[in-house]
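Asks: Listed below are the residues making up each chain.
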Amino acid sequence: MSDVKNETATVSIMNQLADASIQAQSPLFHADLATVAKSGPKTGGVTFKEEALLGHLTLRLNAENPDQMKAAEKVLGVAVPTQPLTSVTKGDVVVRWIAPDEWLITVPGLKAFEYEAAFQKEMKGHFQVVNVSGGQTIVKLSGKNAKDVIKKSSPADVHDSQFPVGKVVNTPFAKSAVILRRTGENEFELVIRRSFSDYLWLWIQDASREYGLVVEA
Amino acid sequence: MQQYSGFGLLKHSLSHHENWQRVWRNPTPKKKYDVIIVGGGGHGLATAYYLAKEHNITNVAVIEKGYLGGGNTARNTTIVRSNYLWDEAAHLYEHAMKLWEGLSQDLNYNVMFSQRGCLNLGHTLQDMRDIERRVNANRLNGIDGEVLDAKQVNEIVPILDCSDNARYPVMGASWQPRAGVARHDAVAWGFARGADMRGVDLIQQTEVTDFIIEDGTVVGVKTDRYGDIKADRVGCVVAGHSSVMAAKAGFELPLESHPLQALVSEPIKPILDTVVMSNHVHGYASQSDKGDLVIGAGIDSYTGYGQRGSYPTIEHTVQAIVEMFPIFSRVRMNRQWGGIVDTCPDACPIISKTPVKNLFFNCGWGTGGFKATPGSGNVFAASLAKGEMHEIAEPFSMFRFHNGALIDEHGAAGVAH
Amino acid sequence: MSQKNRLQSGGRIDRSKPLTFTYNGKQYEGFAGDTLASALLANGVDLVGRSFKYSRPRGIVAAGAEEPNAIMQLGATEATQVPNVRATQQELFSGLVSGSTNGWPNVDMDIMGLVGKLGGKMMPPGFYYKTFMYPQSMWETYEKVIRQAAGLGRSPKEYDVDIYDKMNQHCDLMVVGAGPAGLMAALTAARGGARVIIADEQNEFGGNLLSSKETVDGKAAAAWVASVTKELEANENVIVLPRSTVNGYHDHNFLTIHQRMTEHLADRAPNGQIRARYHRVRAKWVVLATGAHERPLVFANNDVPGVMLAGAVSTYINRYGVVPGNELVLMTTNDNAYRTALDWHDAGRKVQAIVDTRKNPTGALVEAARERGITVMAGSAVIDVQGSKRVSGVSVASISEDGSKVTGSVKKLSADTVASSGGWSPVVHLSCHTGSRPQWNDEIIGFVPGKTVQKQLIAGAVSGNFTTSGALEQGHQAGAEALEKLGLKAADVAVPAAAEVKESKPMALFHIPHTKPTSQAPKQFVDYQNDVTASGIELACREGFESIEHVKRYTAMGFGTDQGKLGNINGMAIAAKFLNQSIPETGTTIFRPNYTPITFGAIAGRDCKELFDPERYSAMHKWHLENGAKFEDVGQWKRPWYFPKAGESMQEALNRECLATRESIGILDASTLGKIDIQGKDAREFLGRVYANAWAKLPVGRCRYGLMLKEDGMVFDDGVTSCLGENHFLMTTTSGGAATVLNWLEFYHQTEWPELEVYFTSVTDHWATMTISGPNSRKLLEELTDDDVSKENFKFMDWKPATVAGVPARVFRISFTGELSFEINVQANYGLHVWEKLFEHGAKYNLTPYGTETMHILRAEKGFIIAGQDTDGSVHPYDLGMGWAVSMNKPFSFIGKRGMQREDCVRADRKQMVGIKTIDPNIVLPEGAQGVFDPTASIPMPMVGHVTSSYWSANLGRSVALAFVKGGLDKMGEKVYYPLVDGRMVEAEICSPIFLDPKGERQNV
Amino acid sequence: MFYIYCPYCGEHREEEEFHNHGQAHIERPLDPDSCTDEEWGNYMFFRKNPKGLHHEIWVHAVGCRKFFNVTRDTVTYEIKEVYKMGEQPKVVAK
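Which chain is which? The protein sequence lines are A, B, C and D, in order.
For the first sequence, position 194 matches number 194 in my numbering, and the numbering has no gaps at all.
To convert, count from 1 in the second sequence and add 10000; that's my numbering.
To convert, count from 1 in the third sequence and add 20000; that's my numbering.
To convert, count from 1 in the fourth sequence and add 30000; that's my numbering.
There could be a bad hint or two in this list.
[What the hints assert, rightly or not] Straight-line alpha carbon distances no greater than 27 Å define the calculated DSS-like cross-link-like pairs of lysine-lysine that follow:
#1 D/Lys-30090 with C/Lys-20485
#2 D/Lys-30084 with B/Lys-10248
#3 A/Lys-175 with C/Lys-20609
#4 C/Lys-20144 with B/Lys-10290
#5 A/Lys-90 with A/Lys-167
#6 C/Lys-20485 with C/Lys-20451
#7 B/Lys-10269 with C/Lys-20026
#8 B/Lys-10222 with D/Lys-30048
#9 B/Lys-10386 with B/Lys-10353
#10 D/Lys-30048 with D/Lys-30094
#11 C/Lys-20157 with C/Lys-20121
#12 B/Lys-10222 with B/Lys-10031
#13 D/Lys-30080 with C/Lys-20284
#14 D/Lys-30084 with C/Lys-20284
#15 B/Lys-10269 with C/Lys-20609
#16 D/Lys-30094 with B/Lys-10222
#17 B/Lys-10151 with C/Lys-20485
#18 A/Lys-144 with A/Lys-175
#19 A/Lys-70 with C/Lys-20681
#20 B/Lys-10098 with C/Lys-20630
#21 C/Lys-20144 with B/Lys-10151
#22 C/Lys-20455 with C/Lys-20121
#23 D/Lys-30090 with C/Lys-20284
#24 C/Lys-20455 with D/Lys-30080
#25 D/Lys-30094 with B/Lys-10248
#26 C/Lys-20230 with A/Lys-147
#27 B/Lys-10290 with C/Lys-20130
#28 C/Lys-20622 with A/Lys-175
#29 C/Lys-20230 with A/Lys-144
No lab work stands behind these hints: they were computed from the structure.
Owing to the predicted nature of the structure, the values given are computational and were not obtained by experimental measurement.
Generate coordinates for the entire structure from the input sequences, incorporating the hints supplied.
Replies: Here you go:
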């Protein structure tokens, strides 16, 4: 087990992944989406897909500090966006603006610790990187009625003129909250919290019923 | 004075109701009064009534900027109960309850006080602990109360969903049989009539624009219509506007004025005979004699003097009602409205002297003032008459927020009512 | 055909689609395009209900939302019952089942009607305030009788079978009403590129144009409406909502729309469709084009079936091809209503006379009437109506110029229909919702929308402009103005032409005089639904109810389901006249949402039943379900409460769980505890400020318990915080308090101490937390890890990283049970795996899962508090005997320090937390029991504190309890008594709250 | 329902995303221990609660979680300005 130990370390991070022989279970694991996908309809107005087991990192830093911004760019290969409500994508890394001093970064599941360690190595001063991978998951809603389902669930204005591809907002969704990002013409990404995932799965199925819900595994 | 009775009605019907006297005069104020009550709502009118009736102080004016009983008295959901937790509050509200019982006869005005009982539902283990705690305290304080289980609750209100399918199943309730509802407007009118016929001047459509204060002592008020009016003592009973009036007198109060919303359904045939309240699911309902379901919402989080709140508050309340009473799903909401409630940090009122000598305030009733109307007026009148706080009012001094002797009734106050 | 009042042609109904429906048990036929009201009129049904108070027969008066009488019970099955549906707004569908809502035994032969006739004079406004008082004991009986009369329709007795939902909408311009003005506004804005929503309560757009013979743009009005609607529907930036009532206009241009999706198809939504959809609209700008309601005139017996609004009569003729009678008398104060006589005449039925209250009416329509040979009786009025269940005739007399008294002799005319028009009242309702007061306009004899802070424009009849051409023009202007305000380019839209009709001046008359004074004249109704009469309003004023709000409340005027749409202005005018005031002086009552009533289900939307409130689950929830857990609601969490085995009672299960834990090992799913990752060089300092105890010297690798206080010194949360690194802490909070605490930390950081370098991130959902507790817990842990968790190298209140069951974990050696305990935290994705591994290896130790209840018992045996159960926001650490968790000499005055030193907080006789042992060890006190020192005291008994926690302790073989007792900490060994609701007086002894292992040895093994 | 401009997210959002935290510009006494009960009570409980212009704190709770100040008319509910923590209002009661 690799607890980062170096003299200067004032925070404790660790690789939280077990070896591959142990199956990790995403928040929607017991919804058994694979089976639903097989047995369920193949066409409909809304398509639902979980992007399970990604590495989720919360990054806190001072955007006015050029050294920290440089360090972040070095670690991520892309500058963190300072324009509110925007996101950037570089390969398999996505960085979402959450607040002026907060970003949500997703990376491949196996790489979370690598990035965590890199931040601790590269960045100086007051900052925070927290692995939150176990606490949330991502679902993608797509299809011609994806927008309608979101309009039933969130007060955010998702009209093309107000919500271009790449925009990201933290917003209420039914009686939970999600980080909502537009990833395509008819595609949205929802970052949902683990403990609310069953409720939201139930809600989305209900809200999609009139359009027809396709589940992809 | 004209007595009201069924016979009187018959007599007047023969003369086509052309000879009914005015319920109250429309007097021009004198230059000076023994006591001026600022605010002609239920509490203010009750204060004037008891000053005249019980303390024989009739040289009294009630000055109201709008029409009598036009504030929260006209906007509340009329629930009357006295099952409060702490001794101080329990004594105050039970004092009011005893006055409610017999108020119609005392006033010779039917305020339609209907003791149909009130259920406070419990949905969690902690709810049930709090209910047990409160009911035990009530009984030792001489206030009627019982702890019911879900089955007993369902027997009293068969249309309530007491099944385990509910998101927060009903585990039980506290039950106060003597609780109920009353006709809110009639309460204000009855006290007004009673005060007027004993010589109290009711001055409507007149705003008190300032207090006249001479070296730390209030000696009268300034008004927009009648200029200065002198008084030995001034009682301020203006609910939501208390902070505004306090500012004129040069001090602050531990109050925030919030919008409190309520709504009614269309009138339907009688189906709900008791008052049902749920702090946890956050809604409460009773049915008026006209057939409307009278439903309460929680307060809005922000301060507001607009007599209206935000829509989500209404939505959440209606969700709660449909969750509690699924059969109401197809019943229809007729009207919603809002009041301005002055909320205290400990959910208890302020009945108190102030930094200004001879200026007394009665405020901070938050969401629960209506039920206390007679008791509030009764103890405030006694305090104004003697210049010393009535023993029941004593603990409700505004200065408890300095020494820390708060009376935290959030548990019992719960949802707005 | 049976529809005796149906014309052979004309109207917007489809005669090729007959529909059968039921009213009061009888079958009738109507056509697609009918409303229930038009179909009833077509079939010659006069009686649709009985009035509320006097139970008088009532018929259909109007053709829209303002209808006060035709209030129906709808529904073919119990589950689909809907009370109080306005027949004038209910579209007819095949199989519709309806019934009148008042009248006993039935609406035709009604016994209450007799009571109304006989008792009527005994029931003036407010009569119930004046009687039913004596004797006091009788009121409950009186009330039961009064309540019988209550209500119109009835609630269903079965659960709703339909579903409702909501949509959040945003737009540049919300247009309310799709009459000529609304359509033009929407068209103009849409062409300019604005995002537009246009909604109208009717089934098709067009408003008044649907009921008129006018032409617009050279074509039939309806054709123009169709072309505009088509263009709007084709525009992807426009949302077109028919059958959609804008019900509320809230602050910052937020509006709610109730869209009826299937109520016109069947009383149960076909194949799972949504019955109604609620739109929550945020609009940059709003155009109110809500039109106007015609004002009836107030005259004697004006409620006899057959008395209708003039405009409504025209609507039934022109839109539905129904003439609701044979002989018409029209009474009007204006030219506009002459159209009704013309329509009636052109439909081939007899117009007995037009009774015009004006001395010498002129104008195009007047001429047209004369040309048709219709008698026009100028300067006259219908002062009374004959007939009971249908108009049989009217009394006409000439009146004074000002309309105040009857001057001429009374002449009788036969008629079965009386149409009346007192002019038009703009529909100002929505404009009032955000606090704006309507303003009186003498020109149009009505109130128009007043000043507002909302970004709102008005167009058409609502502004007092009652002509079609004016509406079109104003609508266009509003659309153009909106575009300009929105910064969009002007659109090129030509205003279509509409015929200008020259009209002579209307007369301001509301209340028609009678030969007798109002108080003695036959009833002259103002508010039909609440039986409010002109004499009732005068009586209210006579008794001193002079504010219009008092009049309204005393007479109940405007409190019906129609909310005074017809009656309020007339009522105000009558009050004003009686009080010798102008109408503006008298003022108006303001309208509140909803414009028309809305199904509760639609407001609740999908947030009901299983979606009412989220259920939050831990990563091990599936296991709990499979293992028969009973659950407790903790906030939104579903936490295992206890795990009963087959046939076990709750107490048996708890005993087993408790014993197993203290004898071997128990395991608890603690994932729901709030967890906050705290980093920064000032993290320690911050902790020192928000916790009561000291944090400066907590070394890396150690954990510490802390109490969190409010500024008043009262405990509001607690938990263990661990030092992960010099600048790195993991805080735990109560399950219910997680969000509150994080918000609390952010609040103080952002608003009070921004200079402190510290960040907070919630990791509650990230870590799955399981606590193994009991003497064998180390053995079990050692089987699953290679890391050193020995007594020597892993001490009580240490934490360390370790690999457990192959999963990297943070293990905390902390204990809430008083036993040797290990709290294992792993990334939640592995939670279930580790949990199951623990059971694989734990079987031999009888590893026993336990829930919140056993956790509560075990901690109570140790005297550990639970914030929220043993605290209530009114106790500080010293009240809890937890002074050890307060460090008064910290340099910074931590939150709560000053508060707990206030005068009242340092009283010696405060209620303090102690242990309670009942003298009879088998008695378990109820939690919430109130203690007294003197069991003989009489009511009100002085109470000294309540029991906060109380359980049967299987380990101790007796009951244990925690309670507050006045000055309790100095009363060890003394007696306290608990009078219970069941009458028992339980004697108990005050003791230390630590019942088990006072030295705390068990957790240190 | 209010439509509130979040100065950090740079756009208007629905009231449902925010929580109100009461009167703004109340400063915690620097030396609480030297406060009298009255001074401490005033800090904790006593408020202006004005009818008209009001400076209050809101937090974008379901959003960027930042606290900020709002100047709002408590009668018309108009929001006159929004400004960040540490800043002073430009719109003040006369």
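Asks: Determine for every hint whether it applies to the structure shown.
Replies: Against the structure, the hints come out as follows:
no. : hint                         : result
1   : D/Lys-30090 with C/Lys-20485 : holds, 25 Å
2   : D/Lys-30084 with B/Lys-10248 : violated, 31 Å
3   : A/Lys-175 with C/Lys-20609   : holds, 13 Å
4   : C/Lys-20144 with B/Lys-10290 : holds, 12 Å
5   : A/Lys-90 with A/Lys-167      : holds, 15 Å
6   : C/Lys-20485 with C/Lys-20451 : holds, 18 Å
7   : B/Lys-10269 with C/Lys-20026 : holds, 23 Å
8   : B/Lys-10222 with D/Lys-30048 : holds, 22 Å
9   : B/Lys-10386 with B/Lys-10353 : holds, 12 Å
10  : D/Lys-30048 with D/Lys-30094 : holds, 15 Å
11  : C/Lys-20157 with C/Lys-20121 : violated, 37 Å
12  : B/Lys-10222 with B/Lys-10031 : holds, 11 Å
13  : D/Lys-30080 with C/Lys-20284 : holds, 17 Å
14  : D/Lys-30084 with C/Lys-20284 : holds, 25 Å
15  : B/Lys-10269 with C/Lys-20609 : holds, 25 Å
16  : D/Lys-30094 with B/Lys-10222 : holds, 21 Å
17  : B/Lys-10151 with C/Lys-20485 : violated, 61 Å
18  : A/Lys-144 with A/Lys-175     : holds, 24 Å
19  : A/Lys-70 with C/Lys-20681    : holds, 21 Å
20  : B/Lys-10098 with C/Lys-20630 : violated, 44 Å
21  : C/Lys-20144 with B/Lys-10151 : holds, 26 Å
22  : C/Lys-20455 with C/Lys-20121 : violated, 49 Å
23  : D/Lys-30090 with C/Lys-20284 : holds, 25 Å
24  : C/Lys-20455 with D/Lys-30080 : holds, 14 Å
25  : D/Lys-30094 with B/Lys-10248 : holds, 15 Å
26  : C/Lys-20230 with A/Lys-147   : holds, 24 Å
27  : B/Lys-10290 with C/Lys-20130 : holds, 17 Å
28  : C/Lys-20622 with A/Lys-175   : holds, 22 Å
29  : C/Lys-20230 with A/Lys-144   : holds, 23 Å
Comparing the model with each numbered hint stated earlier shows that hints 2, 11, 17, 20 and 22 do not hold.
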